[in-house]
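Engineer: One-letter residues, chain by chain:
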Amino acid sequence: MSDKNQHIILKTKDLSIGYTSKKERIIVASNINIELHKGALVGLVGGNGIGKSTLLRTLTHVQDALSGEVFIAERNIKQFPALDLAKVMSLVLTEQMMSKNLSVFELVALGRQPYTNWVGNLSENDIACINTALIQTNITDLKHKRCFELSDGQFQKVMIARALAQDTDLIILDEPTSHLDMYHKAYILKLLQQLAKETGKTILFSSHEIDLAIQLCDTMIVMSKNQVVTDTPCNLISNGTFETLFPKDLIAFDEKTGSFRVKK
Amino acid sequence: MPDTKTYNISFLVLVLILILCFLINISLGSVYIPLKDVFNSLIGATTEQETWQHIIQNYRLPKAFTAILVGSGLGISGLLMQTLFRNPLAGPFVLGISSGASLGVALVILGSSVFGGVFVTLLMSKWSIVIAASLGSFLVLLAVLMVSIKVRDTMAILIIGLMFASITSAIVSVLSYFGSAQQLQQYIFWGFGSLGNLSWSELGVFFIIYAIGILVCLASIKSLNTLLLGENYAKSLGLNIKRSRLAIIISTSLLAGTITAFTGPIAFIGLAIPHLTRQVFNTSNHKILVPAVFLFGAIVMLICDTIAQIPNSDYTLPINAITSLVGAPVVIWLLVRKRNMVF
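Chains as they are written, first to last, in our numbering: chain A, 93 to 356; chain B, 11 to 353.
In case anyone wonders, no lab produced these hints; they're calculated from the structure. What you are looking at is a predicted structure, and each value in this text was computed from that prediction instead of being measured. Where hints are given, some of them may not hold.
[To be verified] Selected chain B positions facing chain A (Cβ under 10 Å, derived; list incomplete):
1. T61
2. N68
3. K232
4. T236
[Said to hold, decoys possible] Stretch-level coverage of chain A by chain B, calculated; a stretch enters the list once three of its residues show a Cβ under 8 Å from a Cβ in chain B:
5. 133-141
6. 199-210
We put the beta carbon where it would ideally sit given N, CA and C, even for glycine.
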């Protein structure tokens, strides 16, 4: 039992997410029980407005859970000082960064911030970590380019490299494939799969690319109106979970191809 | 980092230019003093005329040092505000520091007609302007700080700072409406800014507060770089956003506040120097930017001061006019030439 627990990086217990205002509690989703294992690629899918972002914000402690608990490496997320959390969890967000004038190396180097001294000087170990991250994401040749010179696909790789350089067991990405063309959507997700396998990191991403996620993920979290289901893509297909994702008037899930089809 | 070595040469060149500008600044002025005597008085040797030594040691030297403190301090506080607010238009005074100072000074100079004579004769010494300006900027800043602790959104602080500025300038307008012509002139003269007139003891007080501001800024370099990623990323890297934001605001207010108190609201430098530096050094890394802005600010301010005093004439132009006249074309030229704005 304890041996099995060591492989669980992220775990939620009866988690209920949403917002509280002075007047009321708005529950977005409840009864969420997730276990993410070491080295797994996990896709979080669900329609617009279903609460994917709220779930990610709660898992990353940007906002508090309404009830229930989030454990990271068997430690309650509330007990993490900000700096400790930065050493176990790194993020790739959709928000635009302010300065695209940094070079790729400088940007990836910012991932080492939790480990550097007061003025942010890089040690040899830091530089080694940065170079490894650049190699793992195949962007070593972009090292000296400035971020505004990059395409969207290249930039996303740089942001993933930055998260890798942060040297955490868990990487969480919020819609890493938006704005990308079909090829780069597949490329980025394939890269994530490879990274999870090779580095043993747990990688959780939210996405609207359900068919790609089905092909690449070890585990998927499917958020629909009434439930949050976590399972392997195969089981999710055979249980018919994907059919609960969207209203049935326009598109239908095709079990054979593992993708959605427009109704004729 | 791969390119720190090339920066070292640029820094060396800048330091040499700074020393050169400093020497030019103290050897030129309304009274002609031969270069040989300038050096003699610097190293403490006797000069041909004793008044020359007096002019150099008690007027030109403190003024040159003031120029260095003002240029570097305003440049750095402008850089801090631009990074904090992610806004290339931000400057040291966006938090209402200069308008707070203006209010304080306006109350002292113009308020006499409103508050009566006793108040004025009590306060009309030179320190009274300094104290009034400090108090004014401190109070406005305190209000902004209190709001900034409550407000989660950094952009809201920017707007709140602007609102405080409009409130104070409205009060100044009312006061000027009731002020006499002579008082108005005095107030406007303060608004022109002036680097001269500081004694060594005043400069000492100035320097201590300035140094504290610089130290807080140096301690913020790492968080400034993290903030380049945006606040959410910065938070995910373990940065305490509220604390770093507070440190950046305190550093800015110490720098811009004392400068405004001692020399008046000097415009433009704070906004332009960070842009000038980013264009020349082509980086957003604050480990490079902070020292570079320091040097550029000091150099530009020394040059502006040299021009403002119009060598060998009795006229001294308002320093505020010169900073914009000299600086604005340079920044325009740089932006047009490079096409790509570095921010």
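Engineer: Hint numbers the structure violates, sorted upward?
Structural biologist: 1, 2 and 5
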